[in-house]
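S.K.: Here are the chains, one letter per residue:
Protein chains: 2
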Amino acid sequence: MRIGAVEAGGTKFVCGIGNEFGSIEERISFPTEQPDVTLPKVIDFFKDKQVEAIGIGTFGPINIDRSSDQYGHVTTTPKPGWSGFDFLGTMKRAIDVPYGWDTDVNAAAYGESMWGAAQNLDSCVYYTIGTGIGAGVLAEGRLVHGLVHPEAGHIMVRKHPDDTFEGFCPYHGDCLEGVAAGPAIEKRWKQKAYELPEDHPAWQMEAYYISQAVISAILMLSPKKIILGGGVMKQQQLFPLIHEEVKKGLNGYVGADAVVKHIDQYIVPPGLGDNAGLCGALALGLAALSEHRDK
Amino acid sequence: MRIGAVEAGGTKFVCGIGNEFGSIEERISFPTEQPDVTLPKVIDFFKDKQVEAIGIGTFGPINIDRSSDQYGHVTTTPKPGWSGFDFLGTMKRAIDVPYGWDTDVNAAAYGESMWGAAQNLDSCVYYTIGTGIGAGVLAEGRLVHGLVHPEAGHIMVRKHPDDTFEGFCPYHGDCLEGVAAGPAIEKRWKQKAYELPEDHPAWQMEAYYISQAVISAILMLSPKKIILGGGVMKQQQLFPLIHEEVKKGLNGYVGADAVVKHIDQYIVPPGLGDNAGLCGALALGLAALSEHRDK
Ligand SMILES: Nc1ncnc2c1ncn2[C@@H]1O[C@H](COP(=O)(O)OP(=O)(O)O)[C@@H](O)[C@H]1O
Ligand SMILES: Nc1ncnc2c1ncn2[C@@H]1O[C@H](COP(=O)(O)OP(=O)(O)O)[C@@H](O)[C@H]1O
Ligand SMILES: [Zn+2]
Ligand SMILES: [Zn+2]
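Chains as they are written, first to last, in my numbering: chain H, 1 to 295; chain U, 1 to 295.
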């Protein structure tokens, strides 16, 4: 089986061909430019590859309402050329196969539930903590949409008592993304995040903030696994700090063994590593194909 | 069609008989005592009523994991006699019909989606703000469970700048429930909540806290409707205050028309009024029956 996968990020696009076992056989990657430059490259890659379906996991916000005539469009983004762009339609007109279409983070959550850290589980939350913060949600075996899609990066957080940084979110200042995404770390400590030493106080503060996101997810959704990915989470020392902060924050309220006894297996890095996004797009493509066959 | 419904609350039980159109034809109500006093009353009520199925929406926490041998039990509650009690099994042994089983708030969310404020929608969040705070979640047409079930009443909130009350949650002090449930209002203002005048500053502060719950729901789940019920929400003047606070908090970040233009139709009281819980239990019973027939 040959399925196409597109991981459409704000800074780079990755396209790949994979199979039903989640392995990626071939891939290319290029920087994200305007759609009229970038989409032809995507289409070129897939043109003669004989894929049976394509899955797209993309930066957003996007329209994922199948009943809308804007379904498949990128909605309001400051990215030049992308606001209102008919991403899915442009792909469909060039290559006529079934398509899966969702956010990059929902794709990653789905991929992790197929082949990664949440394998065989019907619920998980996938957070990416990088240039921004976003979350994908799988609940009762389904990716969660609704009015739009979750935007869990912008929840309100309690300020760390030692934090004097005002936050950089243009909407909220010191929301989660405003104080805990990569750029916040760099603005606060005036140093590249990846250059901060492992025992720098930045990481304790970061764990304090990320734990609030995790606690919200536990209380609002009760997922069976919480996966933390993205550039900032390359700092592996964050995991034990986050485990501690989550326990402290919940203070015994959630009695599930996963939280009380096995939190190190409950809040984990992506099982698919840096492939979470691309494998997720592959999983979306597979799902689109089987949905198409059921019809 | 005759379906049984049990709304099992911490202070009172309501049992009813209803039909597939959501109307309740007969009901009784009695105070919640120990299970060996209360369950016989429930069983007596249904015994000769010839119901085809029974739905139970109950106070929790409860075990809702079908693969567990504790499925249908009440788990850890301080309520005398109820901790570990096999609620569902006791019912089944007495009256052998298909059963629906979920939390009171999930039941209410489901009932509202069948016949109430979220009719024809595949997602909604139902908050009850009363003696405690809890939430039921419907996403992608399904009630959300997971590790356990959502416990959204205990999210961390930002303290109102004028609030000196330390909160009464035994686990977290000033979590949402700790500062915004009925008993918090009464402890803070040293007056019964229902006696506070409509223009008392208590309500502005209450709206500030409830809006944080609503914002969390919007960002984490993006539901198509948010329903606010429970004793405290009898204060109808809270709704416009909450609408304002939610808009202020989101600050334009979520561009959906429901939030921007029609927030008064987005964050609403239960369409079923005080029947949300009992109708929800009825809806659970109906779903159990149709699931049973599909088998
Ligand atoms: N090894 C690292 N340690 C800490 N922070 C990192 C590391 N690598 C990248 N980052 C931070 O992550 C952000 C980039 O996130 P990433 O997930 O790689 O990409 P994006 O979010 O743009 O898709 C940058 O702001 C950078 O500060
Ligand atoms: N009309 C009212 N106005 C404000 N608060 C009320 C009103 N009625 C009840 N309450 C508050 O709601 C709480 C009871 O909540 P309720 O939803 O009726 O029951 P429970 O949560 O126990 O099922 C009490 O703490 C009381 O202070
Ligand atoms: Zn923000
Ligand atoms: Zn609490």
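I should point out that these hints are in silico values taken from the structure, not numbers from a laboratory.
There could be a bad hint or two in this list.
The list makes no distinction among identical chains, and a pair is therefore deemed to hold if it is satisfied within one copy or across any two copies.
Claimed, not checked - Below are the DSSO-like pairs computed for lysine-lysine, each with C-alpha atoms no more than 30 Å apart in a straight line:
#  : residue 1 : residue 2
1  : 12        : 295
2  : 187       : 41
3  : 12        : 234
4  : 247       : 79
5  : 159       : 187
6  : 261       : 79
7  : 41        : 190
8  : 79        : 248
9  : 190       : 12
10 : 192       : 92
11 : 41        : 159
12 : 92        : 159
13 : 192       : 159
14 : 159       : 247
Remember, it's a predicted structure, so these values are computed and weren't measured experimentally.
S.K.: Would you mind marking each hint as holding or not holding in the structure?
M.R.: Right, here's what the structure says about each hint:
no.: 1; hint: 12 x 295; result: neither (34 Å within a copy, 48 Å between copies)
no.: 2; hint: 187 x 41; result: neither (35 Å within a copy, 64 Å between copies)
no.: 3; hint: 12 x 234; result: within (19 Å within a copy, 51 Å between copies)
no.: 4; hint: 247 x 79; result: between (39 Å within a copy, 25 Å between copies)
no.: 5; hint: 159 x 187; result: both (16 Å within a copy, 26 Å between copies)
no.: 6; hint: 261 x 79; result: between (44 Å within a copy, 25 Å between copies)
no.: 7; hint: 41 x 190; result: neither (37 Å within a copy, 67 Å between copies)
no.: 8; hint: 79 x 248; result: between (39 Å within a copy, 25 Å between copies)
no.: 9; hint: 190 x 12; result: within (26 Å within a copy, 58 Å between copies)
no.: 10; hint: 192 x 92; result: neither (41 Å within a copy, 62 Å between copies)
no.: 11; hint: 41 x 159; result: neither (44 Å within a copy, 50 Å between copies)
no.: 12; hint: 92 x 159; result: neither (46 Å within a copy, 50 Å between copies)
no.: 13; hint: 192 x 159; result: within (22 Å within a copy, 32 Å between copies)
no.: 14; hint: 159 x 247; result: both (18 Å within a copy, 21 Å between copies)
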